[in-house]
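A.B. asks: Required output: the full structure, derived from the provided sequences and hints.
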Amino acid sequence: MGNLNLGTIECQECENTFSCRIGLSNRSEQELNLSCKECGAISTFHVSEMQKLSMTGVKKSIKEPSYHIDLHLDFPVFEHDTHPLISPFMMSHIMGGELNTSKHAHDMHLLNSISDNIVDIKNTLGFYLKKKHKPFSRKVSSYLNIEENSLDNIQAEMLLFKYLFEIIEPFNSQELTNTSIDLFLNKIKEIEKVSSTALKSFTDEVSNSKFTEHSINDAVKIYQKILSKEVIFRPSLFLDHVDKYEDEKLPFLLSTKDFEYISDLFKDISEVLSRQLVTVAGLNNLLKRNDHNKFEVTLSAKNKNLEPKSLKAYADLDFGRKLSFIDSSWLKISSDIADNQLRNSTAHYKWEYDPSNQVIKYYPKKEGLNRTVSKELLLIDYCKKVIESFRVFHEINFLLHMVNLKSLNKI
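Sequential numbering from 59 applies to the sequence shown in the numbering used here.
Source of the hints: derived by calculation from the structure; they are not laboratory data.
Nothing here was measured: the structure is a model prediction, and the numbers come from that model.
Don't take each hint at face value.
With a straight-line Cα cutoff of 27 Å, these simulated DSSO-like cross-link-like pairs (lysine-lysine) come out [stated by the list, open to error]:
| id | residue 1 | residue 2 |
| --- | --- | --- |
| 1 | K95 | K352 |
| 2 | K95 | K247 |
| 3 | K95 | K283 |
Beta-carbon label-pair distances, calculated as ranges [stated by the list, open to error]:
| id | residue 1 | residue 2 | range |
| --- | --- | --- | --- |
| 4 | K352 | S393 | 21 to 27 Å |
| 5 | N207 | K315 | 37 to 43 Å |
| 6 | V252 | D394 | 31 to 37 Å |
| 7 | D394 | E233 | 19 to 25 Å |
| 8 | C97 | G378 | 37 to 43 Å |
| 9 | N84 | I152 | 42 to 48 Å |
| 10 | N84 | E354 | 49 to 55 Å |
| 11 | S267 | K352 | 16 to 22 Å |
| 12 | N84 | S124 | 28 to 34 Å |
Beta carbons are placed, not taken as given, at the ideal position from N, Cα and C, and that holds for glycine.
C.D. replies: Right, here's the structure in full:
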């Protein structure tokens, strides 16, 4: 920990000068990036484990700086007119308080471990996808410090979720995951009390069709991707501990990768989450109408029935429409995660990104030859959207696992 004060540095492309300070993370290797405010050129600062610094794209200067910028991997940073006395760590400590800063430090320690072992983690999840149960069991058992066993498919799935429970903690606490699991088990028991036959019909359909298996496998690919890109989410995870951070006059900035690094993540998570909602809807229908295929009647202005005729038909709906047909859901899901405009804009490459101020401009409407209607989002807020969507995705992935276990009478 601590700071590296670089003094005045100069962009090698346009000769723009500014002062810079790097707040040090506990990450063994730190790569920080900065876009020149004038020309947008990218400069990179690499801090080794021995705190040796190398820079590309900039050089030391004796000129007067025109502004100051702080860099830090773990906390949001700000641009200032002059060198401020308060560092990013101290600013975050003031905003979040001692307890919350301590919680964030704990999460960052876990992310450092993930970063150090990311190749091993991706390989382990890859073994699961390829049904290489022996190396999968060996890797997970070593990580969790438990006895290694021979596995069949459902035992491998159970071990997968023990593994996910541990490695996703910085993004979704184990306490919250346990709360979700308890809710899922209670709802399944509630349905079973009313009609075990109706519940079995549902679990048989989604399991025998391999819908749950395919959905869990798709989810594993998302875990691989988000864990390999964890460094960009660190400051946004800190904002979980800050109330009304949007009220700050200075925009929160990131010191690492740019938008292109994660531009497809919101879309990818949304695609998998959209499929996962089938399980939520099926259980909702059982709770409300004792039939997983029976949705609430919804009439158009001309008295035409709009609701899906079956769960299979529901599966083919767009994400936004899926949420509208889960009436008074037992599982609270914010409509914000189904941001079709943002998802479609990123999916169809209808966006622009300004690295100097980290503003994403996206174009959500079909406008023929024109692009006039746009929306804007800061990179750190996009990261928060990804995290919020990922947390719902992660919870429902555990629900898919509970349904699989129920279909095999394992719970």
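A.B. asks: Next, verify each hint and record whether it holds.
C.D. replies: Verification of the hints:
no.: 1; hint: K95 / K352; in the structure: violated, 56 Å
no.: 2; hint: K95 / K247; in the structure: violated, 58 Å
no.: 3; hint: K95 / K283; in the structure: violated, 30 Å
no.: 4; hint: K352 / S393: 21 to 27 Å; in the structure: holds, 23 Å
no.: 5; hint: N207 / K315: 37 to 43 Å; in the structure: holds, 39 Å
no.: 6; hint: V252 / D394: 31 to 37 Å; in the structure: holds, 32 Å
no.: 7; hint: D394 / E233: 19 to 25 Å; in the structure: holds, 23 Å
no.: 8; hint: C97 / G378: 37 to 43 Å; in the structure: holds, 40 Å
no.: 9; hint: N84 / I152: 42 to 48 Å; in the structure: violated, 20 Å
no.: 10; hint: N84 / E354: 49 to 55 Å; in the structure: holds, 51 Å
no.: 11; hint: S267 / K352: 16 to 22 Å; in the structure: holds, 19 Å
no.: 12; hint: N84 / S124: 28 to 34 Å; in the structure: holds, 32 Å
Figure legend: structure checked against the earlier numbered hints; hints not met, in rising order: 1, 2, 3 and 9.
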